[in-house]
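Listed below are the residues making up each chain.
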Amino acid sequence: MDDSVQFKQLMRCPVCFSRDIDVLMIYAGNSAHYCPKCSFQGQESEIRGMYRDIQKKFHWMTKRLTLEEQRRM
Amino acid sequence: MMHLNLLHRPSPGPNYPLYRRQQELAHGVGLKVTIFLHYQDLFDPAAVRDALRDREEFGDEIALAFHSPRGPGLSVPNGMIWLLSDAKKREVMQIILSKFREVFGRGPASVGSYHLDASCLRILKELAPEVEAVVGGCFEEGVRVFHGCNHSWYLFNEGMPWNPWYPSKTHALRPAASEEDAGGVVAVPHLLRDMSLAYEGRNDFWASHPPNVIRGMGNDASFCPYDLNLIDQFRMQEEWNGGYSYYNSFVSVPWLTWNHNSEYPPEVAWELYTKFLDYLRSLKAQGQVEDMTLSEYARWHKKNRPIGTSEVYLAKEMLYGSGKHYFWYIDAGRRVLIDPTQGGSIGDLRPYAGRLALSTGPDTPNRENGSYPFLIQSQHRTGNSHHSSDGARTTLLLSHGGEVIDLAKIRTKVAGIERQSGKTIMTLTPAEFAFSDGLKGSVVTRYHFIQDGAIGIERTLAGLSDPTAELTLTEYFKAAYGRTEYPEDLHGIRLGIDGADAREVDYDYSGDRHESSGATCVTAAVPQIKTRVELVAENGRATSGACQVGHLFSPYFTLSLNYSVKNEERIVTWMTLSNLSS
Ligand SMILES: [Zn+2]
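Protein chains in written order, with the working numbering: chain A, 1 to 73; chain B, 1 to 582.
Please note: incorrect hints may appear among the correct ones.
Unchecked claim - Capping the alpha-carbon separation at 30 Å, the derived lysine-lysine pairs in DSSO-like fashion look like this:
no.	chain 1	residue 1	chain 2	residue 2
1	B	K409	A	K57
2	A	K63	B	K284
3	B	K324	A	K57
4	B	K275	A	K57
5	B	K324	A	K63
6	B	K413	A	K63
7	B	K32	B	K125
8	A	K56	B	K275
9	A	K56	B	K413
10	A	K8	B	K275
11	A	K8	A	K56
12	B	K409	A	K63
13	B	K125	B	K303
Think of the hints as simulated: they come from the structure by calculation, not from any bench.
Isolated chain A, as found in the complex (with noise of 0.2 Å):
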């Protein structure tokens, strides 16, 4: 059988991960998640909002910067 599929539903806790550190919430159904580690838990819907939430600290990320613009950075 395939591993891989496991991991279909799976999602990390966005409050350990914003700390930096990958922690693999539990499923408890109804698109309902827990984290392990800390005392979060959400819908997958929050969740997905909060990793956009950690992604706002990186205000290039759709940026492309070529090898010219670095040299001017």
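Given the coordinates of chain A, assemble chain B with the ligand onto it according to the supplied hints.
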């Protein structure tokens, strides 16, 4: 010219077709691959047949992976060859190498691992002298990756070169100083890392590996310009390294299917990996990139990058958009990181000159930790002061009218890099300062890296608003040896100072500070890492100095030299790292 190694390894069972798809993708864009076969792949006729055909048709190299050492007659519970005892390393390598020879009729020219310590390297060369190249370490993986993997990833190999190197016989992460010191192979790092963010945080996110960037959430679904930006930043280094740059990528199959490091479907990883390879293809078409197999690269390296070649890296942070610069310098004597955002403080210092011998394994006192120790690591050890005392760092203190300005609180950038024969000079933009009584001016810092010699820290005072003013400038060095964020036992360290109150003091955690007027030289001997540090004022220009033992709430030692400086005057402090026994 950027030299490129594309590295793949098969995955068994249902993942095998994904590895084949990876191979087809690479060959489709005209890039050759170094295929690392695991021990168990050597028993799989399809894996062997496909590898032979890829070698024949596309010029791929068939190499040997020490990852996952398991299969018929072989079981290594920890799965990591460098974490075995000497005897076990030998036994496992013998089994794997003899199977490889049985299948291919000769031994491998290239071998891969996450880390190969000095004893692995010695045994490997003994059992397989034909090995020319190894994937020998993961740049700066250690404390942060350990935390990041929820304290479950016991790979500690910080303090190594970011680019290919000649591993020393006594510490495989230290670049060899000479032919006699060299372990007989060319090593390349497992991935190239972001030289800003690999210092600031998790370096397993920001690397030449598109799915790693997904893991770090640096992508917007299948849009991730960062993957290409990082390639270009490594290309930018050619300007200061004689036209040379290096890149590799080693994406294994589990990253290209559903995995626990991504909340995206596998299509996203495939699309980003495809774009990444396609960009390398386009650079190759423009003559900017040359793809090679790993052993081809090793032969090129031996011909063109002699042992002892120094290198620099100017990092420009490009994900947060901070505008930060970092400057890295490496030679056989030390690896240094300058942090211009902290006024040009040293943020990381690895004293290779001490030539500390180190292997990993249960039969060594180092156990799992293969890192080359630091004297300064400002991320693990506080650096500039925050809510308690400061930690390991350097800085310049400017004193005037009872007020002290710490240069580490003034942001600068790299203004210029000059690479001369045997010498590298790096100049920072002026650090503008203002005292509360209105006295203003600037300090220009210039670092002189003498190849395998001293580091000159030059400070020039300029633009003083009161040209008659005289400032006290204190060159400040605070350090502690270590390999992690936790303190080590500093007993045995001995500090020294010359001048009117010349003395030597033993490190006793007393917190005592010893000043001496007329001092021009301060020293620390750190026997644990066989290193002696010396700060000397050029032309005896300093007026006084101090050495200070730390205490248990601030376990460091501090060396300082004071200078009296007027406008347009310049001081130079020479920092020497040497082997304690010499
Ligand atoms: Zn959590």
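Task: Violated hints - listed by number, lowest first - done: none
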